[in-house]
Amino acid sequence: MEQLREQPQRPERRAPGGGVPMEPAADVAAVAQDAAAQAAAVPLESSVVTVTVKTTGAHSTRITATPDTPMTDILTQACRDLGVRDPEHYLLVARGEVINEGRTLGAAAGEKVGEGEITMRLVKKPEAGARQCPS
Amino acid sequence: MPILSSEARGAPVARYERLYIPLGVLVTTWEFLRASGHERREQLCFLAGRAVVSAAGTAAQATCCVLPMTAATGAYVTLTSHAQTALILDALENRDEVPLLSLHTHPDGGVDGCGLRHSEIDDRGVDLAPGNGVFSAVIGHYALGSPLLFPRRSAVYERTDGTWRLLPPAERDARVIVHSEMVRVVRVGDRTIRAAEA
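Keeping their order, the protein sequence lines are chains A and B. Note that numbering that gives the first Met the number 0 numbers the first sequence so that position 36 is 35, with each residue one more than the last. Note that numbering that gives the first Met the number 0 numbers the second sequence so that position 34 is 33, with each residue one more than the last.
Keep in mind the hints are simulated off the structure, nothing from the lab. A few of these clues could be false.
[Stated by the list, open to error] Partial list, derived from the structure: chain B residues whose beta carbon lies under 10 Å from chain A: (1) E6; (2) P11; (3) V12; (4) F45; (5) P67; (6) T72; (7) Q83; (8) E96; (9) S101; (10) H103; (11) A128; (12) P129; (13) G161; (14) L166; (15) P167; (16) E170.
Glycine residues also receive a C-beta, built at the ideal position from the N, C-alpha and C atoms.
Kindly produce the complete structure, drawing on both the sequences and the hints.
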């Protein structure tokens with residue numbers, strides 16, 4: 000069968016210095032996408048951590064802070080935002096464990112640093128009675 | 000500065016015009032309180048539910064009781080851990096429920112003829128979460144009496160502006176309503192029917 004049209008042969012282009020060959024605009028976009036994907040794949044230490052602190056499901060605050068922020072600062076800010084009047088009775092709990100106030104936010108977030116948002120619950124230990132149990 | 004930003008979201012309902020409590024939920028709650036009462040120990044538990052909006056305002060419908068693990072003596076009761084509080088609030092959030100009413104028992108019916116009252120510990124500690132609009136009930140005599148007398152024989156508080164306010168008897172009875180779980184239509188005479196609570 001007769002070949003009606005011959006595909007034009009493009010000369011291969013070489014980037015100066017032997018880098019990525021530069022082609023028309025469509026190819027440049029692909030290179031940009033590749034570069035962005037490669038950059039996203041590189042694990043970077045997060046410069047900020049966002050923590051959502053809840054009381055009930057209806058009331059929460061979203062705090063963004065650096066990983067070296069002491070948890071006591073997070074607790075204080077959460078109590079202020081959520082209208083807690085007796086912060087000395089409240090603690091933060093995440094994944095079933097009380098967060099030690101001596102830790103930093105980065106340490107409390109652990110492996111979740113860099114994954115976006117973490118969630119904590121601002122709670123107290125309810126009590127009632129005329130006098131506190133001596134034990 | 001380590002904290003870069005913070006933004007509060009949502010807000011609990013500031014006031015419930017009425018609190019509706021199904022009788023079955025109340026009876027289950029009462030049995031829990033009474034079980035400790037038989038051992039001469041105080042007890043603490045909670046009702047949770049959902050807000051109901053009507054023309055009269057926002058009301059609250061209790062839908063479940065929360066029966067926690069507690070450590071108690073004859074004059075003091077507390078949940079066993081902060082983590083338990085978080086667990087309870089997680090469970091309620093998963094069910095789209097919020098705490099509505101805290102109930103705890105006292106050994107007597109009130110000191111010096113003053114009736115049942117919150118103690119200082121009750122004021123600061125009896126609720127599951129901060130926020131206005133929630134209620135707190137004090138049940139006398141370790142809940143060894145009948146639940147059918149609730150709320151008339153109990154002290155009921157409402158938290159307003161961060162402090163607990165004792166509801167006067169008429170307001171208490173108008174706003175805290177125990178109801179049957181069913182409405183049954185019955186025949187009265189030959190031609191008349193009426194809806195009656197069980």
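For this session: Hints the structure violates: just list their numbers, smallest first.
Result: 14, 15 and 16
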